[in-house]
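Converting from the sequence shown to my numbering requires adding 729 to each position, the first position being numbered 1.
Among the clues, some could well be false.
As the list claims (entries may be wrong) - Here are the simulated distance ranges between beta carbons:
| no. | residue 1 | residue 2 | range |
| --- | --- | --- | --- |
| 1 | Ser1008 | Lys820 | 50 to 60 Å |
| 2 | Asp975 | Asp861 | 16 to 26 Å |
| 3 | Ala927 | Asp875 | 16 to 26 Å |
No lab work stands behind these hints, which were simulated from the structure alone.
Computed from a prediction, not measured in an experiment: that's the story for all the values here.
Cβ coordinates follow ideal geometry from the N, Cα and C atoms, glycine included.
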Amino acid sequence: MPRLSEVIAALDALWPPSRAEQWDAVGTVCGDPEAEVSRVLFAVDPVQEIADEAVKLGADLIVTHHPLYLRGTTTVEAGTFKGRVVHTLIKNDIALHVAHTNADTADPGVSDALAGALDLRITGPLVPDPTDPAGRRGLGRICELDHPETLREFAARAAAWLPQTAQGIRVAGDPDAPIRRVAVSGGSGDSLFEQVRAAGVDVFLTADLRHHPVSEAREQSPLALVDAAHWATEWPWCEQAAAQLDAISERHGWGLRTHVSRTVTDPWTAHAPSVTPPSLPGAPN
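All chains, full assembly: derive it from the sequences and hints.
So, in structure tokens, the structure goes:
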């Protein structure tokens, strides 16, 4: 079996920490570099549910997309929820490694996995990484559908093929508008509207879209918007990342067993459809 340091070196080759944003907190959070690794669990969020799942599974390493301590801390006291995660991991000899913005822009990265989950054909990055001579790395992806479909049909595709969440899929635009070219970005994407408009796509699928940016985007162009849950747009990366580590394990003869958590860690737990109050136009009598 490989040592943790060997597995981490392989993960860092896939998602070099140097390519993370300066504000990000990626890399190994806890773990003994000399410890042996036989079982790895991939998940989006390093929350207690995932730590408990790793214990039950007998995992030696958790790889998550989201950092545990993005803004730093002065304590890992077990009375805090993040401290409890750390205590659970250390008590059970489980390491934690994070690949966040360095996985977003990788080739393949988070948005490649999102496009793959939707069966989209990728034509290139939305925001290219200027340090990549091949022009494949970068934030987001520009894609095409094999056959045009309406915005309503595209939203139904996202609802059917992305993991189920309480939010579901929200849409801004004419449901009957034809869709052929698509931009996708896993996670929060409303800072990318300028690049999306410049790409000349018909629709942008991302997460965490806010009222004012969406309102302004809709006023500036006919660009349609599809908003999925943050967790749902990033979960496909876990399957992609596990497959990448499987290939490395096979090449080195490590015999690693990789698992992808199916635990839904999206924080929203229920959705109630709107009902028009009687005092408003269009309300039922």
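Hint check:
{"no.": "1", "hint": "Ser1008 / Lys820: 50 to 60 Å", "in the structure": "57 Å, holds"}
{"no.": "2", "hint": "Asp975 / Asp861: 16 to 26 Å", "in the structure": "25 Å, holds"}
{"no.": "3", "hint": "Ala927 / Asp875: 16 to 26 Å", "in the structure": "24 Å, holds"}
Going through the hint list in order, the structure satisfies each hint without exception.
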